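Letter 344 of the sequence shown, counting from 1, is numbered 344 in full-length UniProt numbering, and no numbers are missing.
Possibly wrong hints are sitting among the right ones.
Here are the in silico distance ranges between beta carbons for each label pair [unchecked claim]:
1. Ala336 to Ala184: 47 to 57 Å
2. Asp233 to Arg173: 51 to 61 Å
3. Pro142 to Gln51: 34 to 44 Å
Quick caveat, the hints were computed from the structure, so don't treat them as lab data.
It should be emphasised that the depicted structure is a prediction, and the values quoted were computed from it without experimental measurement.
The beta-carbon is built from N, C-alpha and C at its ideal position, and this holds for glycine as well.
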Amino acid sequence: MEEERRPKRSFGSLRQLSSGRWQARYTGPDLRRHKAPKTFSTDDEAKAWLQKRHREIRDGLWTPPGVAVGAPTAASLTLSAYATGWLARRQVRGRPLKERTKDHYTDLLELHILPELGTLPLRSINRGDIESWYEKTLVDRPTYRAHAYSLLRTIFATAEHEGRITVNPVQIRGAGAVESVHEAPPATLEQLAIIVEEMPERLRLMVQLAAWCALRFGELTELRRESVVVANDRVTLSVRRGAVRTKRGRRADSTKSRAGSRQVTVPPHLRSEVLGHLRDHTGRAPDALLFPANHGGHLAPSTLYRHYYRARKTANRPDLHFHDLRVTGATMAAVAGATLKELQTRLGHSTVAAAMRYQRVAQGRDVELASKLSAMVPKAAPSNETDESET
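Using the sequences and the hints, build the whole thing.
Structure, rendered in structure tokens:
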């Protein structure tokens with residue numbers, strides 16, 4: 001009977017046979033399991049063989065065993081092989097892809113791109129192939145369709161930059177954009193107060209910080225006692241990380257961008273609520289979560305939504321997504337006079353483009369406010385004066 005030893009590895013696996021020799025296996029870009037054509041006398045030899053296969057995949061030079069003899073040529077390089085290597089070495093602003101982003105790209109590739117295009121040589125794929133793929137891919141899920149298209153276009157753009165192809169065939173105008181189907185107006189102060197009141201006590205501050213500090217859900221669920229700085233009657237939140245959901249469960253990760261790492265001052269009227277929450281609902285350890293799940297880990301969205309959906313219904317705002325509270329906070333900050341740069345900093349955005357959106361919304365709210373102010377003025381009695389033009 002074989003005695004198996006399977007050291008934990010980032011790529012491939014090893015096992016020792018009853019003969020004492022070693023077998024190496026790995027999953028290729030074609031999503032199939034492949035094993036070495038021979039066994040090895042030592043585990044180091046088996047590891048070296050796996051490392052060579054890993055480098056081939058990373059550099060876009062891998063081909064399935066038996067398909068090509070000798071070193072793969074540029075003409076035989078498939079989209080599947082190239083895309084797998086592209087994903088392994090991809091960086092954004094000099095940083096590796098975040099785990100959740102990599103999971104998302106992997107799903108898009110494995111489920112929606114490679115089944116149709118993966119076996120085709122990279123150089124042979126033309127605009128007709130792309131248009132045919134696009135016409136039948138994710139037609140009922142426009143957001144994911146746009147994501148898949150944008151990913152494919154980026155992969156081919158890299159291939160073009162590297163000289164592997166002469167022209168990027170992914171050229172469908174507007175395919176990478178998706179219109180937002182959800183445009184809810186910000187919550188009013190009255191609606192926000194109702195929602196807060198309807199939430200369980202341990203989650204009320206979460207709603208308040210989402211609105212008044214414009215924090216994301218992941219940022220809120222990763223806040224800890226040590227994230228709250230109280231000094232000179234001022235409360236500041238140190239936002240450094242966020243909880244994200246990956247294929248391996250919920251975990252803490254750095255913020256979406258460098259700009260996302262920031263200090264957010266809590267409006268003074270919430271100071272007592274913050275201190276009360278720390279006293280009544282937060283553990284004493286510095287790393288104790290402000291809004292933990294019942295089991296002590298990160299709070300799951302479903303747990304919050306179970307209460308939030310009921311609360312927003314009571315406030316007569318069934319259209320108000322939890323993320324819309326962040327929009328509400330950004331809009332209130334803009335109405336209060338925040339500049340584009342101040343909005344960008346408070347929200348943790350890398351560019352001013354998103355902040356400009358909230359300023360435009362704030363301008364609309366200002367018009368609405370002006371109308372409400374005029375409505376407070378008593379209507380004048382009808383005038384008996386005759387227009388001079390009529391005489």
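- So which hints don't hold here, by number, going up? The structure conflicts with hint 1 only, although it agrees with all the remaining ones.
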